Amino acid sequence: MWQWLYKLGSPKWFYTIGNRVLPWLWGVTGLLLVVGIIWGLGFSPPDYQMGDNYRIIYLHVPAAGLMKGSFYMMALCSAALLIWKIKMADIVAKAVAPIGAMATLLMLVSGSLWGIPTWGTWWIWDARLTSSLLQFFIFVGIIALRSAIESRDSAAKACAVLTLVGLVNIPIIEYSVEWWNTLHQGASDLSLRDSSANPPEIWIPAFFTGFGFIGLFFIGLILRSQNEILLRERRSQWVKDLLLTDNAKADTESGINTNA
Amino acid sequence: MNTDMNKASSELGLLSVMGATVRREMLLAFRNPGDVINPLMFFVIAVTLFPLSVGTDENFLSAIAPGVIWVTALLAVMLSMDSLFRADFEDGNLEQLLMSPQPLYFLLLAKIFSHWLVACLPIILLAPVLASMLFMSPEGMLPLVLSLLLGTPVLTLLGGIGMALTVGLSRSGLLLAVLILPLYVPVLVFGTGVVQAAINGTAFSGLLALLAALFALAVSLSPLAISAALKISIN
Chain A
1 MWQWLYKLGS PKWFYTIGNR VLPWLWGVTG LLLVVGIIWG LGFSPPDYQM GDNYRIIYLH
61 VPAAGLMKGS FYMMALCSAA LLIWKIKMAD IVAKAVAPIG AMATLLMLVS GSLWGIPTWG
121 TWWIWDARLT SSLLQFFIFV GIIALRSAIE SRDSAAKACA VLTLVGLVNI PIIEYSVEWW
181 NTLHQGASDL SLRDSSANPP EIWIPAFFTG FGFIGLFFIG LILRSQNEIL LRERRSQWVK
241 DLLLTDNAKA DTESGINTNA
Chain B
1 MNTDMNKASS ELGLLSVMGA TVRREMLLAF RNPGDVINPL MFFVIAVTLF PLSVGTDENF
61 LSAIAPGVIW VTALLAVMLS MDSLFRADFE DGNLEQLLMS PQPLYFLLLA KIFSHWLVAC
121 LPIILLAPVL ASMLFMSPEG MLPLVLSLLL GTPVLTLLGG IGMALTVGLS RSGLLLAVLI
181 LPLYVPVLVF GTGVVQAAIN GTAFSGLLAL LAALFALAVS LSPLAISAAL KISIN
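Going down the list, the sequences are from chains A and B. Quick note, the first sequence lines up with residues 1 to 260 if you use this note's numbering. Quick note, the second sequence lines up with residues 1 to 235 if you use this note's numbering.
Extracted from the complex, chain A is given alone in its bound form:
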């Protein structure tokens, strides 16, 4: 296990292991998403109150999960970078940040689209909506800081510090927003909050799309990290060899004889 983690810490190994994992991941993710979406959108029974509107849950809840998961992943990577100075941790943290931001945005947009038919308004200052919006701002801040600092090492460490500061702050922000919300208005009663109230025909497809989204997350993580690895290691021998063999392969496939 440790040996394996240690190897993942090397960009070259991450790149090759990523290549080996990706086809399987694509397969499993595609299957989960196709089954989950067709089942959820086509065959689950409509909700007795919301009709077919509730089906946006198959997009909304997995996106919310990714929002949290991405940030925890970034925090773990930041700690790994600052404590053990693992280069790969920064590459992953950088790769995950836009994915987390997009997941948060997807969650907000799908939530507000859901809000129009069910709440009658696309935005309310509900505790969850507000704290998700703030979470989105934190993601944006981390991405903005990285793009503002020129030196790659400084940017990596600065983003790691900011991510950890954000990690300490997020529960405080959520608590304060929750408190603020209960003070300013009655808590909105969302019937889907209580998952046990929903029959299995509704939550099993959500399970499929949820794991499908996790699969998509890791596909995005691996692809973006691999890009970053190639960019950072472009002067190293193994990347040159890789590109040369790829070119040679492409050449032989297209029938060009380089020796001629």
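Rather than coming from a laboratory, the hints here were simulated on the basis of the structure. Everything numeric in this text was worked out from a predicted model, so none of it was measured. Keep in mind that the hints are not guaranteed to be accurate.
[Stated by the list, open to error] Distance condition first, Cα-Cα at most 27 Å in a straight line; then the derived DSS-like pairs of lysine-lysine: (1) Lys85(A) to Lys12(A); (2) Lys240(A) to Lys68(A); (3) Lys231(B) to Lys85(A); (4) Lys231(B) to Lys240(A); (5) Lys68(A) to Lys87(A); (6) Lys87(A) to Lys12(A).
Place chain B on chain A using the hints.
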């Protein structure tokens, strides 16, 4: 020679070094009064903009007064952060601070405390005047001052983290806002909560205690983040 000097200076008591730091910052502030006056003037002018834009209806102004005062104070603190490290970064004093044999944690606390004295205390003192210009009810005055007294140090400490992360960049004003404003939310929520509760006649001591808890957390943790961030920025 150098080690002797380090030894000599490390034999200075921690309190006297912190005192010297505060004295130096105060002296600098009095020689360059812009650091005191600009945040204060920003606060006054920004609050004045509200009646000019939303109208002078007494009921409406008194309803939004706690929020207006708190948000403008928060922005004034954030905009004042630039003077915390910028000049020291440019003339090399920050490097001296990092190399000092004294624990950086306490030196930073002294620096932040002096910044708070210079930039935040005048705002807190003027806040009741501006609040009464916005027709805020008098029951809210003391809670407003108390909440600002507990809240602005937290804003200064959190702003210090953002400033330490961006001090090496030439234009960092807007970036600082993007980094720091989301983190300011709890202070704002509890700070305005204290004033609103007092105006509504409900108990506010619990909210003040929450602000005090945030203060304790910020004092104990943010100097660590600031010193880590400064070491990255100085490199």
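Now for the hints, and whether the structure bears them out:
no. : hint                   : result
1   : Lys85(A) to Lys12(A)   : holds, 17 Å
2   : Lys240(A) to Lys68(A)  : violated, 37 Å
3   : Lys231(B) to Lys85(A)  : holds, 15 Å
4   : Lys231(B) to Lys240(A) : violated, 35 Å
5   : Lys68(A) to Lys87(A)   : holds, 23 Å
6   : Lys87(A) to Lys12(A)   : holds, 12 Å
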